[in-house]
Amino acid sequence: MAVCVAVIGKENAPLYLLTADPAAELQFHYTVHTALDVVEEKLAATGKTAADSRELYLGALYSTEEHRVFGYATNTKIKFIIVVEAANVSIRDNEIRTMFRRLHAAYTDMVCNPFYLPARPITARAFDRTVRQMVTGAS
Amino acid sequence: MAVPQEKVDAYLSSLDLPEELKQVPQVNVGFVGLDPKNVETHKTIVDAFTSSRKVDTHGIHYSIIAGDREFPPAKPKRTTYEWFLPKGILKRKWMKKHLYDLPAVVIIFFDLDWGDPAWNEKKIGCSSRVKAIRAALTTQQTRLAVVLVQRAAAGDDPQAAERAADLCAACDLPPKSLWVLPITDHLSQYAMRLESAFYELAQTYYHQRVKAIRAHRELLSKSHHQALFVRHQFKLGFFCEVRQDMAAAYKAYQQGYAHLLELPTTDLTLCELKVVAAMLSFKVCRLAFRQNLPRDAIAHFRRHVELFRARVGPQELAVEHCGWLAQQYQWFGEVFDQAIQMGLPAIQTQHPGLYFEQAALHGRKRHQTAAALPLDGAQYPSPDPLAGSLETDFFGQRPWRPAGRNVELMDTEREKLGVLAIQLCERSVNHHNLVIPLLSSAISHFKKYHCPRMKERLMVQMAEEYALSGDHDKAVILLGKVLLLYRSERWWPLVVQVASLGLRSAYLSCQLEPYLAMAAALLSAAVPTPAEQRARLDANVHRLMARQPPEPEPGCAVAAGWPAALAAVHQPVPLELSSRDTLVSCSASFGAARYQQGRPLTVRLRLANLSAAPLPLQTARVAVAGRGAQTAAGGPLPAGAERVLTLDVPARLAELGSVVWLETVALELAAPDCLPLRLEWKLSLGDEQLHQSMFGLPVGAPFAELGGLCATVVPRPARLTLAADHRPPALVGEVYQLEACLTCDDLGAEVTDLVLEVSLLGADEETAKNTFVVYGDMCQPLSQPLQLPCGSVQPLASCRQLLGVQCLTAAGRQLQLAARYSEQTEAGLCQGRVAHTVGLEVVHPFQMSVRAVALTLEPVEAVGADQTALLIAQITNTGPHTVRLRSTLLQMDETLFTVCDSEGEEEDGTTSEDGAPAGGGLRDLVLQPMESATECVAVTAGAAAGAAQPGSYTVIWNRSEWDDRPVSTVSPAPALQVVPCPLQVTADLPAHGTVRTPLAVRYTVTNRSAHVYSLMMLMEPSDGFIFAGNKRYQFRVVPGGSRQLTYNLYPRLSGRLTLPRPRLTLYRDGAPVEAAELIDAALRHLPTHICVMPQEKGGPHDVQGLTDSIRAL
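From first to last, the protein sequence lines are chains A and B.
Its first residue numbered 66, the first sequence is counted upward by one per residue in this note's numbering.
Its first residue numbered 1295, the second sequence is counted upward by one per residue in this note's numbering.
Accuracy of the hints is not assured; some may be wrong.
Straight-line C-alpha distance at most 30 Å; calculated DSS-like pairs for lysine-lysine [said to hold, decoys possible]:
hint, chain 1, residue 1, chain 2, residue 2
1, B, Lys1742, B, Lys1775
2, A, Lys142, B, Lys1425
3, B, Lys1416, A, Lys142
4, B, Lys1301, B, Lys1659
5, B, Lys1385, B, Lys1369
6, B, Lys1301, B, Lys1381
7, A, Lys142, B, Lys1710
8, A, Lys107, B, Lys1775
9, B, Lys1417, B, Lys1331
10, B, Lys1710, B, Lys1381
11, B, Lys1316, B, Lys1505
12, B, Lys1741, B, Lys1710
13, B, Lys1301, B, Lys1337
14, B, Lys1741, A, Lys75
15, B, Lys1316, B, Lys1390
16, B, Lys1369, B, Lys1316
17, B, Lys1470, A, Lys75
18, B, Lys1385, B, Lys1337
19, B, Lys1316, B, Lys1385
20, B, Lys1387, B, Lys1416
21, B, Lys1976, A, Lys75
22, A, Lys107, B, Lys2325
23, B, Lys1337, B, Lys1505
24, A, Lys75, B, Lys1742
25, A, Lys107, A, Lys142
26, B, Lys1741, A, Lys142
27, B, Lys1425, B, Lys1369
28, B, Lys1741, A, Lys107
These are computed hints drawn from the structure, not numbers from a lab.
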């Protein structure tokens, strides 16, 4: 399904990044990092109108020849980025939303761990398992 | 083998979109008969036309045509296309022909005035010229027109109409195609008018062409002439564009594109197809933008790229396909950019930068593909198969194939040579020079549309390109910038990549400082550099420090410049480190969070050598913000060793109350034969650790045991203690004595420049105005603080200062005593301050009241003239202190009253020596708390009547314990009224009587008026008395005179008896008259009762003494 899933911290430092193809990880680091431009712009635009009733799902951020990038930002400014292949046209917006919701739930569970220090890279196994399921497409 | 540069250039230019396609097509108008080089007027005419084009909306291209010019002939018109097979899609020369060579309108200029004497000859000359041009254009439908250049404005030349018709007939022109152009000052306006006329004429020409093309279509068959469908649609679009019919042009090009997609493709025709598809798409997209349909343009372009991306063609020419794709993105970006310059708004996710970026991406792919081509030892074929690639009949056809025979493969050998030539040219192209401008325009667009991270990514790509092209200096600069940005966002994987790239470039260009900086970035503890790379880098840094060239980076050739670069270094090489743990783990902190003013700041520097070899640490320097650096000597730091250095930073007195923070830490590494190195850490306030420590977040473990990066300078503890010695509460009006006591401790030198400051805290203005501080002879209100210099105090000594505070109102006050002082400390003269607040309760000393009574002790408000009243003053000490009343003074309105001198009646006989006006009888009376004193003062009204001013009753007193300053407290005395009293009756009787002892009473009736009063006195009998005298007596009293009536009363009973009451009646003219007011006033103050004592059994007693004692009361 997704080729890359990333969790970005409040200060835009990466907390977690998983790619379907480990060899292309660096490339996806660039892709996710550049997607933050659009995320920031979208957050700045919504921040002015209604800060509290904001939709967390940011929609498609941008698309290249190969990939489409989707974003999601929690109320604590944690950003989730999912990259899917541009060729994969079967995937619908709704499915992306569901993935983000699952990701958010997994992240929330992970943060509830009292031994996790905020803004540190995520190493939790349960979280990793959930994300791997998303990347492999198994549900 | 290297291909000559001119061949490469020619190859590259053959790949570009043709110039005539890129320009906006314009109406082509040809001028005949003008010679601007030799004839002045002709030059002005040409200038008028060409210069007016800037403002005019018509796009007209003017060309000057010689009279004998040959025009391209029209092809014979086909009636059927049945046997016609097109050899290609778009002819290369066609656009050029219509843009430049074949005018839509030919204008023949001829100098001829209406009134020209040689009219007929010139008319023939003109017509022959028209005929010549017409003959040259015989196969074309080009419009002809004649413009007569005349010396003056036509005016109303009578011959004009006739001669015009004559000329038209001679030249075989419709009358509408003849114009006159007078050479006057308004030439440009004439030119503009003519221009629109030319434009109209040209429109009809192009319209005709369009119609002709449409007519062709009927004759074409779908099976054979698909290429012609494309060609015709292109021509249609082109002519519509010239006619500025953008919508029709757009549609035509789109249809052409659709027809193109239907063409069958083989590997041989693909090249032509792609070239024509690009040309059509270019037109479609540009027109879509022009018509404000940016979405359509983008959609078309996406589809275009989608359709052709996969159609690579023969694998050996994949490099050409990459170039083609790059070119597509590039021209689309340019067209998009042009549209934005025309006012189209762009957004962050859709702007030209994205397309330039893609173009660059494909350019990079092109380079990679070209580099991967197996071309070892290949020779550039001769004759050049690519010669004439810009002269093929059709766009996109291979120059080595026979003209027009692109469809079937004729010669396999030549084909191979052609492909080889292309491959060799591609290999020789400097792709980096193509990619870098694309990246730089992409960067500028990303910057414009708020994509900083995208920009950073492109900067990395640009640096890669520079590195590949060998320009390592630029690569290092770019990577250095990007590295900072990535590091600030803590994207460590990207930091590693960028730093590794930078390290390679720095190694290859032998740049010492960037090399060290990049290595340091990779060695930082936060960066996930692999351990073996870390070890290698560490070793390389140590090699550099030993002035040895570093090991080459993996995959790099040995850079030869290192020994020279290392030999040139004499000054310490600065190396700014952003992470605490790079090479050396360095944590600096203040020893405490607070420092007292004037005490030195201690900075602890914990150093641990993280590298594998000892570091020759020479000195460590710590700079506190706003002052110079402090240096501490260090020694060599063995590998893995840890050391704590403590530095004392001298105090600065001026820093009191401010926050000081550590700014930089620098370690100088130097040893003989060693590269001097200065490691610097900037501990700015934005530093992460500082940030965390400021917000109370947990900081890394090594830091926890140390203080923070900032400390506060707090005042030293006060050397003095300040106490106030006083006896509260204060009494209103008194000078309250308060003693400030300053005691110095023994923790330092003597305290000098002591200043005691007295002020009121939080008092309103009214209270402040009514509070005075008395010091010596000075008395000032406390609305301003009082400063009292008190000299100096030795350690353990104390200084006392007596102050007087006078409060005129009873409100409580907060009095602040503050002492400022200087003390000599090790850092200089230090200021100190101590304060003490005294709560002061202020109460009234007395409760005082003064009331007026008549002699009969009845309260009165008015006194008759010449009568006496008593004022009774009562003073109660309500305060907690014993008070001595020194004297009292009653003051009444002097014009109306006389205050009886009480002196004579003093019992103890003491008189006021100071001669104060008498009127108060109390002298030196001590009142304990809650004791009262009362005094009675008689006042006699004068003769004049009237309302008196209120009097005053003043008590002069002081606290018995403080003898000095007497205080006067004033209480108001009642304002007695003096009423006129024309008739006055007084009674003269003893103070008391005795039973059965007669007592004499004498009533005196006095007339104070100017009239004679005739009165009748009637004595009413009383039970207690038998009296002797006139019971009823009528008499007269003359003005100023008086009459006495004497009675003897014989008391029958004892006790308080009612006296016989006299009654008066006023008579006038022998008859009684009503004068109740007069009579009442006269009788009001007569005594009505008398105390009668029982008769004593014994002998006689001193009645007189008793009487006196009663009077005194």
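A quick look at each hint next to the structure:
{"no.": "1", "hint": "Lys1742(B) x Lys1775(B)", "result": "holds, 18 Å"}
{"no.": "2", "hint": "Lys142(A) x Lys1425(B)", "result": "violated, 82 Å"}
{"no.": "3", "hint": "Lys1416(B) x Lys142(A)", "result": "violated, 88 Å"}
{"no.": "4", "hint": "Lys1301(B) x Lys1659(B)", "result": "holds, 22 Å"}
{"no.": "5", "hint": "Lys1385(B) x Lys1369(B)", "result": "holds, 14 Å"}
{"no.": "6", "hint": "Lys1301(B) x Lys1381(B)", "result": "holds, 27 Å"}
{"no.": "7", "hint": "Lys142(A) x Lys1710(B)", "result": "violated, 60 Å"}
{"no.": "8", "hint": "Lys107(A) x Lys1775(B)", "result": "holds, 26 Å"}
{"no.": "9", "hint": "Lys1417(B) x Lys1331(B)", "result": "holds, 25 Å"}
{"no.": "10", "hint": "Lys1710(B) x Lys1381(B)", "result": "holds, 22 Å"}
{"no.": "11", "hint": "Lys1316(B) x Lys1505(B)", "result": "holds, 25 Å"}
{"no.": "12", "hint": "Lys1741(B) x Lys1710(B)", "result": "violated, 46 Å"}
{"no.": "13", "hint": "Lys1301(B) x Lys1337(B)", "result": "violated, 41 Å"}
{"no.": "14", "hint": "Lys1741(B) x Lys75(A)", "result": "holds, 23 Å"}
{"no.": "15", "hint": "Lys1316(B) x Lys1390(B)", "result": "holds, 12 Å"}
{"no.": "16", "hint": "Lys1369(B) x Lys1316(B)", "result": "holds, 26 Å"}
{"no.": "17", "hint": "Lys1470(B) x Lys75(A)", "result": "violated, 77 Å"}
{"no.": "18", "hint": "Lys1385(B) x Lys1337(B)", "result": "violated, 36 Å"}
{"no.": "19", "hint": "Lys1316(B) x Lys1385(B)", "result": "holds, 16 Å"}
{"no.": "20", "hint": "Lys1387(B) x Lys1416(B)", "result": "violated, 39 Å"}
{"no.": "21", "hint": "Lys1976(B) x Lys75(A)", "result": "holds, 24 Å"}
{"no.": "22", "hint": "Lys107(A) x Lys2325(B)", "result": "violated, 122 Å"}
{"no.": "23", "hint": "Lys1337(B) x Lys1505(B)", "result": "violated, 37 Å"}
{"no.": "24", "hint": "Lys75(A) x Lys1742(B)", "result": "holds, 25 Å"}
{"no.": "25", "hint": "Lys107(A) x Lys142(A)", "result": "holds, 12 Å"}
{"no.": "26", "hint": "Lys1741(B) x Lys142(A)", "result": "holds, 24 Å"}
{"no.": "27", "hint": "Lys1425(B) x Lys1369(B)", "result": "holds, 21 Å"}
{"no.": "28", "hint": "Lys1741(B) x Lys107(A)", "result": "holds, 17 Å"}
Of the hints listed earlier, those the structure fails to meet are numbers 2, 3, 7, 12, 13, 17, 18, 20, 22, 23, in rising order.
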